[in-house]
Amino acid sequence: CAPLVEGCMSPAWRLLRPPLAARGLGAYFTRMAATSAHQGVVVSKQEIESFIVRCMRKVGTDKAHAESLAEVLVAGDYRGHFSHGLNRLQMYVTDIQKGVCQPSGSPVIVNELPATALVDGKNVLGPVVGKFCMELAMQKAQQAGIGWVVARGSNHYGIAGFYSTMAASRGMIGMSFTNASPLVAPSGGRKKFLGTNPISVAAPGKDGDSFVLDMATSAVALGKVELQHRKGEQIPSGWATNSRGEVTNKPDEVLSDGALLPLGGTIETSGYKGYGLAMMVDLFCGVLSGAHYGSNIRSWLNVTDPADLGQCFVAINPAAFAPGFEDRMQDLMNMARSQEPADPSVPVQVPGDPERRHMAKCDAEGGICYHGSQIQFAAHLHD
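The sequence shown begins at 1 in this note's numbering and counts up one residue at a time.
Simulated from the structure, these hints should not be mistaken for laboratory data.
Hints are not guaranteed to be accurate.
Below, a list of computed lysine to any residue pairs in the SDA-like style, where the Cα atoms sit at most 25 Å apart [claimed, not checked]:
id	residue 1	residue 2
1	LYS206	MET359
2	LYS98	GLY294
3	LYS45	SER187
4	LYS231	ARG357
5	LYS361	PHE377
6	LYS206	SER187
7	LYS45	VAL303
8	LYS191	VAL247
9	LYS45	GLU226
10	LYS206	LEU227
11	LYS206	ARG190
12	LYS45	LYS250
13	LYS131	VAL59
14	LYS63	PRO351
15	LYS122	LYS273
16	LYS191	SER169
17	LYS131	ALA319
18	LYS206	GLY80
19	LYS58	ALA379
20	LYS45	PRO103
21	LYS361	VAL348
22	LYS273	MET359
23	LYS273	LYS231
With beta-carbon atoms standing in for the labels, derived distance ranges [as the list claims (entries may be wrong)]:
id	residue 1	residue 2	range
24	ALA342	GLY105	44 to 54 Å
25	ALA319	SER44	31 to 41 Å
26	SER237	GLY324	42 to 52 Å
27	LYS98	GLN46	42 to 52 Å
28	GLY324	GLY232	35 to 45 Å
29	ARG170	LEU283	37 to 47 Å
30	ASP327	VAL110	37 to 47 Å
31	PRO114	GLY290	18 to 28 Å
Here a beta-carbon is modelled for each residue, glycine too, at the ideal position from N, C-alpha and C.
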């Protein structure tokens, strides 16, 4: 990856550093972004966050809301989930521009008990709703041992793991779920029915170590199919189907009128298990909160109607249970990592280890390494 320097400035990055706009540096950066698919550009987290804030502010987003979004999107890329970081910025910009997502406002608690709450997100940006709800869940967990908060009237909230790790960073077990636009065919079905409906669970170990499960209940997130399409590469078999319900490795067939497969793939490879998990998420998120659910949720391409997504945030205080939780959690993770690997060169990992490795790589390089096509795509956002 090549570092982003002032001589490598795309048109969109002029929003980040306006004084550079007159220097005629955009063309060089755009050429750099359009180079070999194997090359990339390293950009500091601070620069990416500033760029996202400027883009969102340009379309009228409240400053604090824009900053919350930037924090969550950059966290996605920093953890290596590029499908849910900068790759998603255009969607948020469009939602604000089209008026289908509110640029300002605050979530409201509709119903509340000591350990639970129902929140109306008031159609503001998903990360604003998500951070509000997880903070509330953690407050409840401190007092009641558990906090279970569901939200309706929300929007796409980035990576589910952002919210579960909020709790883990405070010594709690965190869980986060969201439903989403129909993209996944049910087991045995041809058409989109459920969203990718992710699940995240995070728990603290010792000395900053942690267990962080962050996964879609589909075989893959749609953003990964989009990234393969932008890079001109095929997708692995088992990710998705075409409009006829046939497994395909062509991203364009999936993005036109195809569907993602549930986690596990086809019925023959246990895809019904992922399908069941996706319905469980919709139970927690859409059905429990009174938000849209299943095929009632707007299409991914719909930019005229509010999303009204349902989301669920859970914080569990280990102090309410057996003492020594972090010691046992660390012991469990150590057990897993010490298992004999099938391939000696590929050690057994714990959920969250690949992300930790990616974050360490970013820290060593001084920023996040973006594929040239991702930078080029972002470069056209404000044009």
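Against the structure, the hints:
1. LYS206 - MET359: The hint holds at about 18 Å.
2. LYS98 - GLY294: holds (24 Å)
3. LYS45 - SER187: violated (40 Å)
4. LYS231 - ARG357: It holds: about 24 Å lies between the C-alpha atoms, which stays within 25 Å.
5. LYS361 - PHE377: Given that 25 Å is the threshold and the Cα spacing comes to 24 Å, the pair holds.
6. LYS206 - SER187: violated (40 Å)
7. LYS45 - VAL303: violated (29 Å)
8. LYS191 - VAL247: holds (13 Å)
9. LYS45 - GLU226: holds (23 Å)
10. LYS206 - LEU227: Roughly 36 Å between the alpha carbons, so the hint for LYS206 and LEU227 is violated.
11. LYS206 - ARG190: Given pair LYS206, ARG190 is violated - Cα atoms ~46 Å apart, limit 25 Å.
12. LYS45 - LYS250: Judged against 25 Å, a Cα distance of about 33 Å means the pair is violated.
13. LYS131 - VAL59: Within the cut-off at roughly 22 Å; holds.
14. LYS63 - PRO351: violated (34 Å)
15. LYS122 - LYS273: It is violated: about 33 Å lies between the C-alpha atoms, which goes past 25 Å.
16. LYS191 - SER169: Roughly 40 Å between the alpha carbons, so the hint for LYS191 and SER169 is violated.
17. LYS131 - ALA319: Within the cut-off at roughly 23 Å; holds.
18. LYS206 - GLY80: Holds - the C-alpha atoms of GLY80 and LYS206 are around 23 Å apart, at most 25 Å.
19. LYS58 - ALA379: holds (15 Å)
20. LYS45 - PRO103: Answer holds: LYS45 to PRO103 is near 23 Å, not above 25 Å.
21. LYS361 - VAL348: Holds, because 19 Å separates the two Cα atoms, which is no more than 25 Å.
22. LYS273 - MET359: Since the Cα atoms of LYS273 and MET359 sit roughly 31 Å apart, the hinted pair is violated (cutoff 25 Å).
23. LYS273 - LYS231: Violated, at about 31 Å.
24. ALA342 - GLY105: 44 to 54 Å: holds (51 Å)
25. ALA319 - SER44: 31 to 41 Å: At 38 Å between Cβs, range holds.
26. SER237 - GLY324: 42 to 52 Å: holds (45 Å)
27. LYS98 - GLN46: 42 to 52 Å: For LYS98 and GLN46 the Cβ distance comes to about 29 Å; the hint is violated.
28. GLY324 - GLY232: 35 to 45 Å: Once the Cβ atoms are compared, 52 Å apart, the range 35 to 45 Å for GLY232 and GLY324 is violated.
29. ARG170 - LEU283: 37 to 47 Å: violated (27 Å)
30. ASP327 - VAL110: 37 to 47 Å: holds (39 Å)
31. PRO114 - GLY290: 18 to 28 Å: holds (21 Å)
Violated hints, in rising order: 3, 6, 7, 10, 11, 12, 14, 15, 16, 22, 23, 27, 28, 29; the structure is consistent with all others.
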